[in-house]
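Novice: Residues per chain are reported as follows:
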Amino acid sequence: MKKGTFLALMALTGASFGSHAAAALPPAIKIGAVESLTGDNASYGIPIRKGIELAVAEINASAMLGKSKIVLTVMDDKADKQEGISVFTKLINEEKVSAIIGPTLSSTAFAADPIAQKAGVPVLGTSTTALGITAMGDYIFRDSLPQAAVIPGTLAKVAAKHNVKKAALLFESTNEYSKSEADVFKSSLQKMGIQLVASESYSKGDSDFRTQLSKLNARKPDILVFCSLIGEAIPVLQQAREVGITQTIVGGNGFNNPNVLKNAKEAAEGLVVGSSWFIESTVPKSRTFVAAFRKKYGSDPDQFAAQGYAGAYIMATAIKNAGSADRAAIRNALARLQNLDTALGTFSFDANRDPQHASVPLIVQNGHYTLFQ
Amino acid sequence: MDLSLLSDPVFLLQNLVDGLSRGALYAVYAMGLTLIFGVLDIINLAHAATFMWCAITGWVVMAVFGLPLAGGLLIAMLAGACLCLLLEYVAFRPLRREGADRLSAMISSIGMSLILVSIAEAVFGVETRRFPNSVLSPKPFHLGGVRVSPAQILIMAASVVLMGAMGYFIRRTPMGKAIRAIAADQKAARLLGIHVEAVIAITFITAGALAGAAGILVGLLTNNIVPDMGGQIQLRGLAVVILGGMGNMEGAVLGGLILGVIETFTIAYLPGGSDVKDAVVFLILFLILFVRPNGIMGRRSGERA
Numbered sequence: 063m064k065k066g067t068f069l070a071l072m073a074l075t076g077a078s079f080g081s082h083a084a085a086a087l088p089p090a091i092k093i094g095a096v097e098s099l100t101g102d103n104a105s106y107g108i109p110i111r112k113g114i115e116l117a118v119a120e121i122n123a124s125a126m127l128g129k130s131k132i133v134l135t136v137m138d139d140k141a142d143k144q145e146g147i148s149v150f151t152k153l154i155n156e157e158k159v160s161a162i163i164g165p166t167l168s169s170t171a172f173a174a175d176p177i178a179q180k181a182g183v184p185v186l187g188t189s190t191t192a193l194g195i196t197a198m199g200d201y202i203f204r205d206s207l208p209q210a211a212v213i214p215g216t217l218a219k220v221a222a223k224h225n226v227k228k229a230a231l232l233f234e235s236t237n238e239y240s241k242s243e244a245d246v247f248k249s250s251l252q253k254m255g256i257q258l259v260a261s262e263s264y265s266k267g268d269s270d271f272r273t274q275l276s277k278l279n280a281r282k283p284d285i286l287v288f289c290s291l292i293g294e295a296i297p298v299l300q301q302a303r304e305v306g307i308t309q310t311i312v313g314g315n316g317f318n319n320p321n322v323l324k325n326a327k328e329a330a331e332g333l334v335v336g337s338s339w340f341i342e343s344t345v346p347k348s349r350t351f352v353a354a355f356r357k358k359y360g361s362d363p364d365q366f367a368a369q370g371y372a373g374a375y376i377m378a379t380a381i382k383n384a385g386s387a388d389r390a391a392i393r394n395a396l397a398r399l400q401n402l403d404t405a406l407g408t409f410s411f412d413a414n415r416d417p418q419h420a421s422v423p424l425i426v427q428n429g430h431y432t433l434f435q
Numbered sequence: 168m169d170l171s172l173l174s175d176p177v178f179l180l181q182n183l184v185d186g187l188s189r190g191a192l193y194a195v196y197a198m199g200l201t202l203i204f205g206v207l208d209i210i211n212l213a214h215a216a217t218f219m220w221c222a223i224t225g226w227v228v229m230a231v232f233g234l235p236l237a238g239g240l241l242i243a244m245l246a247g248a249c250l251c252l253l254l255e256y257v258a259f260r261p262l263r264r265e266g267a268d269r270l271s272a273m274i275s276s277i278g279m280s281l282i283l284v285s286i287a288e289a290v291f292g293v294e295t296r297r298f299p300n301s302v303l304s305p306k307p308f309h310l311g312g313v314r315v316s317p318a319q320i321l322i323m324a325a326s327v328v329l330m331g332a333m334g335y336f337i338r339r340t341p342m343g344k345a346i347r348a349i350a351a352d353q354k355a356a357r358l359l360g361i362h363v364e365a366v367i368a369i370t371f372i373t374a375g376a377l378a379g380a381a382g383i384l385v386g387l388l389t390n391n392i393v394p395d396m397g398g399q400i401q402l403r404g405l406a407v408v409i410l411g412g413m414g415n416m417e418g419a420v421l422g423g424l425i426l427g428v429i430e431t432f433t434i435a436y437l438p439g440g441s442d443v444k445d446a447v448v449f450l451i452l453f454l455i456l457f458v459r460p461n462g463i464m465g466r467r468s469g470e471r472a
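One line per chain: the protein sequences are A and B, in this order. Take the first sequence: its position 158, counting from 1, is numbered 220 in my numbering, and each next residue is one higher. Take the second sequence: its position 87, counting from 1, is numbered 254 in my numbering, and each next residue is one higher.
Keep in mind the hints are simulated off the structure, nothing from the lab. Just so you know, not all the hints are guaranteed correct.
[Stated by the list, open to error] Okay, the calculated bits of chain B under chain A, using three or more residues with CB under 8 Å as the criterion:
{"no.": "1", "segment": "240-251"}
{"no.": "2", "segment": "366-376"}
{"no.": "3", "segment": "430-438"}
[Unchecked claim] If you only want the chain B side, here are some residues facing chain A, beta carbon under 10 Å, derived:
{"no.": "4", "residue": "Ser188"}
{"no.": "5", "residue": "Leu192"}
{"no.": "6", "residue": "His309"}
{"no.": "7", "residue": "Arg314"}
{"no.": "8", "residue": "Ser316"}
{"no.": "9", "residue": "Thr340"}
{"no.": "10", "residue": "Gly343"}
{"no.": "11", "residue": "Lys344"}
{"no.": "12", "residue": "Asp395"}
{"no.": "13", "residue": "Met396"}
{"no.": "14", "residue": "Ser441"}
{"no.": "15", "residue": "Lys444"}
{"no.": "16", "residue": "Asp445"}
Values in this document were obtained by computation on a predicted structure and should not be read as measured data. Idealized CB from N, CA, C, for every residue including glycine.
Could you put the whole structure together from the sequences, leaning on the hints where they help?
Specialist: Here is the structure:
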């Protein structure tokens, strides 16, 4: 505690002499970004990279860090644990980055983040939502809302709209994100007094889910909950409609992906997802972000792009506040960050280095995510 | 055990339909594998990669160039035939000529498989491709509460038709007799004036065309076309070949259907069935082989194909 007070004092002095501190910044501050850029999960990783690159370009152009520039090294973890570990090792030991943004998937984070923690390199996840990500150590942060902060609100919204007494659940038993999300859904349903009448799983590589889905449907649930990454999310939705599921489907964070709408088409209609951000958000920073993103890339950003964009600004602010490219100093500045205006809204980390802001329930209507009211 | 579901006859029939269609998928895949084994005593581990290339080719001509299903199927079978013939010329024939043993042929096929998958990943990327609904409607038919999708009907029909056609080809046509003669004894067949190399080439062409059909059918049933799609069916294909009796065409179909039904019933009736399905499937495979070491339709070697 005493150390904490001391750090807080240092923070105050650091912040008040921000301009002096910035002078101590090296001309180039190396930041690594580890994202899934190939394979199905690239549909999460590529928007994140776009968000980060847009923010870094703005930061470097605006002289936010004085004469210093952020030098971004983006590397592909291929949504693979081993690849994540080797990319982290390379960034930390060879590139000597000051901090890392990423990785895209919780499963990769569980494998790679401990390496950064051990080396004392701050990590900011911008899409990891599983339970226990930041519990890996005091150098691990995230700006993506944990499942426990999104799911109860989403379920409450669905329950307010429909008479929900029975729910059924499908998840991937070979993926940490999906398993954790299923657990959070289970406990939230229990707290709300909704009976979980059936729970089924599948394994990585499965492509025929009809048996699991008919088994769930045989229990006549009022809603179905699916926790899948994009590769399975699409066939799961399509096959759910094929086996005759017409009830409301609640998707986990993996369903926050425009590819779901593009590929599953009408099978995605009525799908409810809890999101950390919505494109029509009226937050000023969000509006400038959407406009800048459209201008640079010619397409609409999604939640993952917004989290990546905000993540780069959070990191740059921490570097500015720290007045140093030193790993430990950046970590301490991140931990002290309070009430920062970002594209995700007013942003603060809680004591567990998780973000604190409200989630937005969305529903798919006419091929678009719209506010679920 | 989930007792309330056990007593539900519609659920049972539904699982039977789903299991048979899943099994038909394994059957069509395993037919080509077992044909090559029957003739040459080689396990062709590049069959899964051939199958994947056929699925991707089919996807390109149907989803990109808008060909109808029949055209896509034909082109995929043609692609499979060409690719399999290429494998014979590159990976198998040179080894046979040098008198290398069968293990070298298997290793050679693993190498070819890795090369084919890497090329596919480089050319098409590793993202999953999906057929548009215009290729085959996903809307299922309902028969007394049991749902059957057009893809399921197609794959079950295809497995029966292909089994019949292959049975006729192998048993009734002169080429089929030549294939059987080579399977029984290559040297004797050569002495009898059979052009062994040509017949082997025909065998590979046929096996490739079967892989092509399997690629399209699997793509339609699972709507999941990706360079590593072969990995998931490789192991089951081998299991089906062994279960049916190595080199036995009808055995491959029967073995495939049995495997598909067991797998589906494991998921449907065992709590947490999806997690243990592989263990259950291979345990039952082991038990069957314990009773019938040559497979369910197996005969002693020399009488194969």
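Novice: Work down the list of hints and note, for each, if the structure agrees.
Specialist: Hints versus structure:
{"no.": "1", "hint": "240-251", "verdict": "violated (count 0)"}
{"no.": "2", "hint": "366-376", "verdict": "violated (count 0)"}
{"no.": "3", "hint": "430-438", "verdict": "holds (count 3)"}
{"no.": "4", "hint": "Ser188", "verdict": "9 Å, holds"}
{"no.": "5", "hint": "Leu192", "verdict": "8 Å, holds"}
{"no.": "6", "hint": "His309", "verdict": "8 Å, holds"}
{"no.": "7", "hint": "Arg314", "verdict": "6 Å, holds"}
{"no.": "8", "hint": "Ser316", "verdict": "6 Å, holds"}
{"no.": "9", "hint": "Thr340", "verdict": "35 Å, violated"}
{"no.": "10", "hint": "Gly343", "verdict": "33 Å, violated"}
{"no.": "11", "hint": "Lys344", "verdict": "38 Å, violated"}
{"no.": "12", "hint": "Asp395", "verdict": "8 Å, holds"}
{"no.": "13", "hint": "Met396", "verdict": "8 Å, holds"}
{"no.": "14", "hint": "Ser441", "verdict": "5 Å, holds"}
{"no.": "15", "hint": "Lys444", "verdict": "8 Å, holds"}
{"no.": "16", "hint": "Asp445", "verdict": "8 Å, holds"}
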